[in-house]
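Student: Residue-level listing of the chains:
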Amino acid sequence: MLTLVALASLLVLAAVPKPSEAIVIYTGWERHALVGSDVRLSCSFFSWRWTSEDVSFSWTYRPDGSRDSISIFHYTRGMAYLDNKGPFRDRLEFLGDPSRRDGSILLKNLEFSDNGTFTCDAKNPPDIVGRASSVRLLVFEKVPIQAGVITGSIIGAVLGLLLLIVVIYYLMRFLVARRVFSLSVSKHGKKKKEGSQQRQGSAPPADTAKPKASEKKKLESRKERK
Amino acid sequence: MLMLAGIVIVHLTAIILLLVATIDNAWWTTDALSTDLWGRWELINSAWHYTNLKDYPEEYLQAVQATSVLACIFSILALFVFVAQLFTLPKGQRFTFTGVLQLLACLCIMIAASIYTAEFHTSESGAYGHSYILAWISFVLTLLLAITYLVLRKKSEDSVFERGDVA
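Taken in order, these protein sequences are the chains called A and B.
Reminder that position 152 of the first sequence reads as 152 in our numbering, one-by-one numbering, no gaps.
Reminder that position 146 of the second sequence reads as 146 in our numbering, one-by-one numbering, no gaps.
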C-alpha cells in the first residue's frame, strides 16, 4: 500500500511540467447569445512565469463553414489593437486586464453572420509554447428552450400536486379521527374525576379499557365513512 | 366474477393503447414520413432515417408530450389502486379513488390530442397516424372505465360487483 502511494506520488511529480513549460489558455467551450445583443468572450491563461510586460493576446475569427481565419484583435506592450477593417469594425471592445492575465473581448450588436469559432492565443514571454484555445459562438433569434424542460416540469408538477392532495386528504381524516378520540377521552376523564374519590382503586384499569373502546369506535366509523 | 375480469381486461387494453400512442412516433404520417411526438422517421432512398423534431412550436410539443405521459401514468396507477381497493374497500362502497385517477388519465389524453389537433400540421398534406387514432380510442375507453368505477359498488369479498342502486 505504501509503495503504491510512493509510486503514484512519483508519477504525479514527474507529470508536473517544469517552469517555462507550456502556457495553458482557457476560454469557454461555447457561447450562446441573442441576435442584437452583446457577448463577452473570455480568455485567460496559466503560466509558471510571472506575468511579463510583453504579455500578448490575439483573437482570430473563423466563420462557420469557412477554412480561413482572420485576425480581429491583438494586444501587445500595453496597447490594444481592435479590428478596423474586418467584419467586427466598431463592434469590438477590450474588456480584459492583462496584468491579471485576462484577455477578454466584448462583441457588440451581434449578427447572424457572427456565427463561428473564435480562437484566443496568449503569449507570456519567455513562456510562449502553448496551444491556442477556441470558443464557438452561436447566435439565436430567440433563446431555445432546452429539450424536455417543459415536459418534465408539467409531469412533476401534476404528480406532485396529486401526491399533496392525497397526503392532505389522509392527514385531515387522521386529524379529525384524533379530535374525536381526544374528545371522547376528555369526556371519560371528567367522569373519572367526579367519581375518583369513590373509585380510586379501580380507576387505572377503567382508564385503559375506555380509550380502547373509543378507539374501536373510531376505527369502525372510519371504515363506514370509506 | 366475469364482470370483474371484463373490467380488468378493458383497463389493461386502455393502458396498452395509451402506451402505444405515447411511445410510437406515428401521430402524423405520409407515404414517406412518420412523425411525432419524440422524433421523425423519414424514408430517404428506401431507407428509414430518424431525426429530431425541428420547426415545431416548442411549448405545445412539450405540453403534448407531458400530458400523454401523464395519461399513461394515471391509468397504470388507477389499475394498482383498483386492485388495492378490491381488497380494502368495505362493502357497499364505490371505487372513487380509482375512478378519479382514471378520469384524470382521460382528461390528460384528451388535452394531449386536442392540443395536437389544433396546433400541429394544420396546413400540411398527409394523414393522422395510428398513434393519434389510438389516443382518441383510449380517451373513450378511459372515460367509460372512469364512469364504471364511479358508479359501481363493491358487494362483498366473493362476488365483487353490484349495481349502484343496491344500498
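Worth double-checking, as some hints may not be accurate.
What the hints assert, rightly or not - Calculated lysine-lysine pairs in the DSSO-like style (CA-CA distance at most 30 angstroms, straight line):
| hint | chain 1 | residue 1 | chain 2 | residue 2 |
| --- | --- | --- | --- | --- |
| 1 | A | Lys123 | A | Lys108 |
| 2 | A | Lys142 | A | Lys187 |
| 3 | A | Lys142 | A | Lys108 |
| 4 | A | Lys108 | B | Lys54 |
| 5 | A | Lys142 | B | Lys154 |
| 6 | B | Lys154 | B | Lys91 |
Rather than coming from a laboratory, the hints here were simulated on the basis of the structure.
Student: For every hint, state whether the structure bears it out.
Tutor: Hints versus structure:
1. Proposed proximity of lysine 123 of chain A and lysine 108 of chain A is supported: the alpha carbons are some 26 angstroms apart, at most 30 angstroms.
2. Between the alpha carbons of lysine 142 of chain A and lysine 187 of chain A the distance comes to roughly 69 angstroms, so the proposed pair goes past 30 angstroms and is violated.
3. At most 30 angstroms may separate the alpha-carbon atoms for a hinted pair to count; lysine 142 of chain A and lysine 108 of chain A meet this at roughly 17 angstroms.
4. Between lysine 108 of chain A and lysine 54 of chain B the alpha-carbon distance is near 29 angstroms, which keeps this suggested pair within the 30 angstroms criterion.
5. Restraint check: the Cα-Cα separation between lysine 142 of chain A and lysine 154 of chain B comes to about 56 angstroms, which exceeds 30 angstroms; the hinted pair is violated.
6. Taken as a hint, the lysine 154 of chain B and lysine 91 of chain B pair is honoured in the structure, with Cα atoms around 5 angstroms apart against an allowance of 30 angstroms.
Hint compliance for this structure: hints 2 and 5 are broken, all remaining hints hold.
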